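Sequence lines, in order, name chains V and P. Numbering-wise (the working numbering), the first sequence opens with residue 1204 and increments by one. Numbering-wise (the working numbering), the second sequence opens with residue 4 and increments by one.
Everything labelled a hint here was simulated from the structure, so no lab data went into it. It cannot be assumed that every hint is accurate.
[To be verified] Straight-line C-alpha distance at most 25 Å; calculated DSS-like pairs for lysine-lysine: (1) P:Lys350 <-> V:Lys1471; (2) V:Lys1678 <-> P:Lys350; (3) P:Lys350 <-> P:Lys369; (4) V:Lys1448 <-> V:Lys1532; (5) P:Lys364 <-> P:Lys258; (6) P:Lys332 <-> P:Lys350; (7) V:Lys2105 <-> V:Lys1448; (8) P:Lys369 <-> V:Lys1661; (9) V:Lys1564 <-> V:Lys1620; (10) P:Lys369 <-> V:Lys1678; (11) V:Lys1429 <-> V:Lys1549; (12) V:Lys1822 <-> V:Lys1249.
If you're wondering where the values come from, they're calculated on a predicted model, not measured in any experiment.
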Amino acid sequence: MNKWIFLLCMFIMTASASAQIRVSGVISSKSEPLIGVTIAVQGTAKGTTTDIDGKFQIEVADENAVLAVSYTGYTTQQITIGKQRTLTILLEETASIINEVVVVGYGSQKRSSISGAVSTITSDEISELPVLRTEQALQGRTAGVQVTQNSGAPGSALTVRVRGTGTIGNSDPLYIVDGVPVDGLDFLNTNDIESINVLKDAASAAIYGARGANGVVLITTKGGKKDQEGKISYDAYFGMQQTWKTANLLSAREYAILSNEAHIAAGKTPLPEFANPDQLGAGTNWVDAIFEKAPMSSHQLSFSGGTAKSTYSISGNYFDQDGIVGGSKSGFKRYTVRMNGSQAVKKWLTLGTNIGLTNLKRQFLAENNEFTTPLVRALNMDPVTPIRKADGTYSYSRYSDTDITNPLNAIDQTHDKWQSYRIVGLAYADLDLSHGLHLRSTYSVDATFANQNTFFPKFDLSNDPALSDAPAGEKRLINSVVQQSNIWRSWQWENVLNWNHTFGERHNLGLTAGTTSSENRHEYAGGANTNLPSNDPKDAYISNTIDPIASQSAYGGAEESALLSYFGRANYELDGTYLFSAVMRADGSSRFGANNRYGYFPSFSAGWVISHNDFWKVKSVNFLKLRASWGRNGNQNIGNYGFSTIVNSGQNYTFGPGQTITNGNVALTAANPDLKWETITQTDIGLDAEFFNGRLSLTTDYYIKNTSDMLYAAPIPLTGGTQAPVRNVASVSNKGYELALQYRNRDHELKYSVGGNIAFVKNKVTGLGEGGEPVYGGRVQSGNSTVTKTEVGHPIGSFYGFVTEGLFQNQDEISRHAFQNENTAPGDIKFKDLNGDNVIDSKDQTYIGNPSPKFTYGATIDLEYKGFDLGIFLQGSQGNDIYNATVRYDFSYVNRPVSVLKRWTGPNTSNSEPRVNLNDPNQNARVSDRFVEDGSYIRIKNVQLGYNLPKSILNKIKLEKFRIYVSAQNLYTITKYSGMDPEIGAYGGALASGIDRGFYPQARVLLGGINVTF
Amino acid sequence: MNYKSLIFILLVSIIPNACKKDFLERKPLVGATEDNFYKTPEDAIAAVNAAYAPLQFEISEGGHFRWFWGDIMSDDAIKGGSGDNDTNELLRLETFQGPANTSLLEGEWSADFEGIYRANVVLERVPGIQMDAALKARVLGEARFIRAWFYYNLVTMFGGVPLVDHVLAPSEYNMPRASAEQIWAFIESDLSAAADALPVKSAYAQADLGRITKGAAQALLVKTHLWQEHWAEAQSLAETIVQSNEYQLVSDYSKIFTSEGENNSESVFEIQYMNASGGNWGKNNANEGTFTNVFQRARGAFGGYGFNIPTESFVQEFFKEGFEDPRLKSTVFRVGDVMGDRGTFTKDATGGFPYDYYPKKYFSNKSEEAPFGDPNPNGGSNDRVIRYSDVLLMHAEAAFHNGNEDAARTSLNLVRKRARGTSTTLLPNVTASGQALLDAIYHERRVELGLEGHRFFDLVRIKRAQTVLGPLGYQETTHRLFPIPQSQIQATNGALTQNPGY
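Extracted from the complex, chain V is given alone in its bound form (with noise of 0.2 Å):
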């Protein structure tokens, strides 16, 4: 190249004068030439393009005229004429999304030639949202990848769909880092990724076999590059974290008034405290009261660098987050090392490796339950208590019932901490066979060490403890400890084979084989002890009793399981126009049984790019590719020994004059040898565009992705006295339609890129076994009664329950409507009666909402001036129900949302909002559409502004880079949702998702960042 540049200048020095100067030239890529380059003459409105062969001509007016030769994916040169007549100009790919080299199973592709569905996500825009764990950074980045927040607690889990929910079970996608299939990414730092490639339909998971039903989420580490000066960053950033919505309950005073309402409905005296209710006041804001402001901070270094035959990349990161509900009690750390690196021993022979180091720190308040959670209790106690006594210590409610104790209280009581030290590594052999064939041999370990202390404190929050006045779940006379650990280990051993050969020019053949064995064992002891004299939860240790063998518990145990198997792969490629490719994975696991051991998942795909053909000559659209593919895939979470009958120990009795607990074993679960894996079927049709010389891009997909043979324990009658066995018996289907742009534009000083992604997806059961028998689900405690019917033609988890139509004004209307209740009076909830018996009951229930969203979407806004950058990332979720089952309304006593103040008092007063009665006997809080609300959202995820320092200051104090920012995390969120945050997960499984049960909101985030390389 420089002495290309050098010959260039000496033409342009012994350049002389003439007049309009006729030039001709040839533009082309390394490859080939180059078809509508865009060739300007500087200063002028002149210019032209390159023709089919690369061609041009161009008058110039002197020899000191500068030629602009600009191409979209290639670097723009500029050219002064001088001496030349006929110019030979070659120019240098910069990246294009084409061409851009996407990670697929046991190797790689160029985009262009990839016929399956894949979906990349770049480490710009996973650095762009500084969030704990990588699959917050997925959410809303790729059409197709659902990702949903369970819970704002620092570190819990989210849901990932990968086209849909798949199955009743375990939907989650298979996670592979470095080749290194994982279990959850909590342990990975989002810096150390270099890139995250989903394999979306089933011909491009199908290398996975077993295992890639749910989809496959490939992440590369970041390593060091050949040939790279050593450079040292660090990047950090440190934030502020708190609530963004509160919840809108009633004050003491419209408690105390509601309260005497609904005593007198019920026929009960007011409570005579409440005589007054003015007096009262606000009273305590218990939701507020349960927030704070937490911050959230990262630390990274990092080294990396290369030589001709070596490359190594080393960094270290600190986090650290606590959370908004509890602070630390909900607080997260986590310190990682991760050190990749590669070592050309001989000409043939390349080694190396990738480990990285974590270690976990976490504490856990309960989540997503409607019993003992924060939220839950500060939702619905009761405004009257104040939070503290008169001597400071916490107070408890007279009128709360069982589970709903003062949260402040709980929060304090909570010590349950969990730590863990995980190491994920591997050492490869890659052996050059020489003539286009590779052998690569990797070893992996996959190892966690975790430790978890839970510590349960006596407390008493009695006005008088000589009394104990307190009831049951304000007060713990004996303390108790439980200690558990466990080890998770797994190794694998895989061995690849891969040649790829180009005949004649035309045909291009890539072969891959391999094997790969693996073995997971997970052990566990844990033990328990009461009484401990010490109170303090430094002093939590099983064995810090008086007499630690009187009272103490113990268990143990492990689990195990192992997978073989065999693989290839063939592409071909014919004049990189026709692509294809076929995949052949058997695999072979201890979770099946032994009538089903080994299971066989083939695919096939194949593409055209019609741009590439000769008759294509619009050329507003420079690259057109069309594919399909089909393709098996199974999913084999299906839990260990499902194929075996164990007997269960543990069925005890009591027996002797002690009462001494005696052994009892007997099998709980009925066996099922015929166990096996659940089958996914997937077509897939798409498209990948560029238009404009690849300033607009466009990838869209459509697909019908059919799981059968799914795992589900269909109920079997009671009579067999046994649970039912999980057998093969359902099925469900997911078709969908996708569609991502992005359009860039960076030839001015105001550089920009606007991106979007969309993606529908439809949701239905087809078989639930031999009976079809509806599966029931989600039961929440305030409507006494399960949320969800899964059945065969609705979607997977319906809400299902009764249809309000207004509320009775008056006593005749009652006597005209189905008959309901003999206690129904004037101002209960009118239900349907939709089967016209005359009678409201169980068969008068309907489908009244979908958890599933009909599309989610994302889109993202990138502008860049001069040294200044800002980043907008916009993603939400449109026509997903929520069941809102915040308020208790099996407790008589709890607070309300204020929307009950306009509830009914008399005729039209209301035709929505029932009158209150402590013992609603029209049973208005059963399971109706009356909870279910619209949970579509639109989110503005993340507003980040950066300044990158120029290279002109960053040269003279010897920096490579040096940027700040500042960034908003949920910024903005529209929604019409009543709740705390719009974003439900599917806590409890498919079968109970989208049920708020007082979920931990997530957090704003307001955080400034740095980064410097030098």
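With chain V's structure known, arrange chain P on it following the hints.
Chain P only, in chain V's frame:
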């Protein structure tokens, strides 16, 4: 390519294949499988212990305490709780508007059939174990009693149900109902076999206290005979129990329902619970506590759930003879009574609930609460299912129907004698005959066995339910049986049919 590489290729491509064939054979590392269990006498005992465990089930799919059905369904008690919505399904059942899709009945059904399954496992697996013949006979006898007990619950609640006499294969799950007569015959044959095989109470080692005895099998068989009006068999078998001298009434009635009163000399069949195992949540829970204590305790300061509220009618039964039956104060708390070490019963202290009475038999003191864990699900009171006074009263009833009024009065008066203690004025011997004697026996059952889960079933059995419960909504043709759980009719694709009227 050089030779080193070739060797390497050969190595790496062969090794995975060379993995031993059993690389994928992974048996469970913890716990036995059915193939390697059931080998030793200890396994046999563990197997039958597991069949005992469902006796303790009280919250399976839904709550199904014996007193839900026996007391709340009857005129002796109402549901109580925090309001109508608290376990509303039970309110609807006790007012005879019962829904067939309630989880409470599903819970009962589930626990019964789980017990039957476990007993069937014992009866299939234990005969093949090499062990002491006497011990084997006992274990099999225990299993047959347990199977009979669960069928007794089923037949008295639901009538004819599927007759499951072996461990079902999946193809047999959709079994239709047998007739009630077939079930009764099956229960009789199990109980007869159990009575033959089981040792008497005194023959058991102390460590086995709580195991099913010959007397328990016989007593349940007496009940079975009464239901079928087999008066002669009932009387003679009851006399066999009396003559065994294994049982005697304790002298002080008020001591029966205390922790010292557990497994006492008049205990014939008692379900064991203890308060120190961590709490009982759901059916397959390994813990041994009961929820009954907390459910039946008053709310408010007493920290209970306030269920099973005695009715005025029930309390008045204790005044029927013109004086206050001394057993009332051991059965019911009245306003002003001291509730053990938990304070004095005032309506204010219960949280303002309007109830005048609370049940006392399953009251436990604070000092008896679980030493760790949540005391609520961890009550320790044993469930006294069959007491010797029940045997005596069943004998009296059978003897009456056999025309042996003297024998009937003798047994009846034994029960009254104990109840009156040293009093010379209260509860004099009954001298009546004819209908008055029968009424006296029925009265005695209501007060002697009050709030012990008998009343509703007694009313149905003696065909007085329509008269007594009719005003509450009871219709003999429908409500003498509970509805078959709707979910089970669906789960069997309709192989199970619903009881009339539901």
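Comparing the hints with the structure gives:
{"no.": "1", "hint": "P:Lys350 <-> V:Lys1471", "verdict": "holds, 13 Å"}
{"no.": "2", "hint": "V:Lys1678 <-> P:Lys350", "verdict": "holds, 23 Å"}
{"no.": "3", "hint": "P:Lys350 <-> P:Lys369", "verdict": "holds, 19 Å"}
{"no.": "4", "hint": "V:Lys1448 <-> V:Lys1532", "verdict": "holds, 21 Å"}
{"no.": "5", "hint": "P:Lys364 <-> P:Lys258", "verdict": "holds, 10 Å"}
{"no.": "6", "hint": "P:Lys332 <-> P:Lys350", "verdict": "holds, 18 Å"}
{"no.": "7", "hint": "V:Lys2105 <-> V:Lys1448", "verdict": "holds, 22 Å"}
{"no.": "8", "hint": "P:Lys369 <-> V:Lys1661", "verdict": "holds, 17 Å"}
{"no.": "9", "hint": "V:Lys1564 <-> V:Lys1620", "verdict": "holds, 7 Å"}
{"no.": "10", "hint": "P:Lys369 <-> V:Lys1678", "verdict": "holds, 14 Å"}
{"no.": "11", "hint": "V:Lys1429 <-> V:Lys1549", "verdict": "holds, 16 Å"}
{"no.": "12", "hint": "V:Lys1822 <-> V:Lys1249", "verdict": "holds, 20 Å"}
Of the hints listed earlier, there is not a single one the structure fails to meet.
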